[in-house]
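All chains should be built: construct the whole structure from the sequences, respecting the hints.
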Amino acid sequence: MPATDVDFEREFEELVRDLRALPTAAPTSVREHVRALGEPARPRTLHDLLLTFSSRRSLLVLAPVCVLALVSAAVIHGVVNSGGDSRQTAVAVHKADAQVQLGAPGGEGTATTPWRAVTGAPVAPSLPTPASGRYQDYEASLTVRVKNVDALHDRTAEATRLARTYGGYVASVDESTSGGSGRSDLVLRIPVNRVEDAYFRLAQLGTVTEQHLSIRDLDQVVGTQRRRIVQLKVQIARIGETLKSSSLPADVRLRLELQRDAAKQELAQVTGSNKATLREASLSRISLTLTSQQAAAATKGGMSRIERAARDAGSFLAGAGAVLLFVLIVLSPLIVLAMAWILGTRAYRRREERRLLSAA
Amino acid sequence: MKAVNAVTTSWPGLRVDRPTFSAVAESELDAVHRYLLFLTGNRTVAEDLTGETFEKAFRIWRRFDPRRGSPRAWLCGIARTTALDHFRSEERRRRREERYTRDLPDTEESALGPGELETALGRLSAAEREVVALRVLLELDGPTAARVLGISTTACSTRLSRALKRLEEMMRDARN
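Chain order of the listed sequences is G and V. Residue 327 in my numbering is what sits at position 327 of the first sequence, and the numbering runs on without skipping anything. Residue 22 in my numbering is what sits at position 22 of the second sequence, and the numbering runs on without skipping anything.
Think of the hints as simulated: they come from the structure by calculation, not from any bench. It is possible that part of the hints are untrue.
To be verified - Interface residues of chain V toward chain G, partial, derived using beta-carbon atoms under 7 Å:
no., residue
1, T20
2, A25
3, L29
4, L37
5, G51
6, S125
7, A126
Source: prediction; values computed, not measured. Every residue, glycine too, gets a C-beta built ideally from N, C-alpha and C.
Written as structure tokens, this is what we have:
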């Protein structure tokens, strides 16, 4: 049984007293030698203070400091990255620019004006008014998120009804559901003069997460077609007048008849193209996508700023953890070797001490 | 322990009262000498090592941190390292010069002393003598003594108990 502080004093009382009575004071020569040393002259430096910290104490201080620094960095990263509504501002500016372009007179050729492309974030539905008096190919796409699959079905039916209400029709419908999510793709043709109202009604079917508009000016195309039609009609009339004459040689008559037939054929073709262009300009094309996917709600834009900050901070910490894990894995052989070396050295030193003390 | 003069370190946030080296040396000299005397079992060697210990302590005094232990324990740690270095060099010397016998210190009159207790102490191993010195003479508590020796508190208590029993038996035999 090991002796405690009190035990050995009591158990070996006489022996302890004798041991303490032994003449063990340092001789005068040693005392004078030590006194002669005096006081260390150099004051303590920071290096000296650092040396007083043991590795265990340093670890106890450094580990929480590192964790705190990492968490702080993650929070700062999250807050900075979550940002404000800068994207919304950028979109608004983009929209304003687009409206200025659309309002510009005499759009030449077939210029395409992409108006807006936003993904994920709920956006306020808005649409530039079609330019009156001009022929334009007006295409819009709209992605709307609805509550669930039941709502998806109802909204699809409502969109179809809306298209008819505004004098248009449904060019195609593609509705599919899978589990708790679903998607419905519709192509609606709406008269251009009523597209604005229809667009806003369609946007009210749910939460708009994406919208895009493309306007192609068709004025020049229609003008070219019309001029060609007039030219062809004039040509056909002239050939007809010439063919009325009875003095024409047979070969000339045949050539003119062939020219008239070719002109009539081309006239029919250009007239058909012109009708198609005018039809295109009179009906807008709205591609409507209704979705009930929950994943859409989980996109960055659908979160509050605090949620985004928390998610970014978490991502940062996860990244830092992955890096630390990687470093740990890479360095693990060295760490194991270092630990083995430290433990081995310590064991060797203790054995050496025991041996020296037993030999002394 | 006697009261010692103290100074305060100049580093803000790390302010701690440190005794002066000369004050510590004055108050702890006998304790260190006692320890080394028991550890080496030789007065002459103990005196030399005591001087050497304080010279070392003088050189590294700036590293002493009173919050981590008493000056006595710190000095005993230095003394022990000094003594082990001495044993190591002695062993090398003996190996080189085989003319010198291993028991050379015992032939000197100044080992521990002529009395029964001193003789009995001489028969203990150095490890046993040093634990007796630390715990009985220097009155260090169990954990501090264990830290100086680099062993666990339990091992320290066991070694002390065994040393004192052996010493008592030897004294009883000597009286009988």
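Structure-based check of each hint:
| no. | hint | result |
| --- | --- | --- |
| 1 | T20 | holds, 6 Å |
| 2 | A25 | holds, 5 Å |
| 3 | L29 | holds, 5 Å |
| 4 | L37 | holds, 6 Å |
| 5 | G51 | holds, 5 Å |
| 6 | S125 | holds, 6 Å |
| 7 | A126 | holds, 4 Å |
Going through the hint list in order, the structure satisfies each hint without exception.
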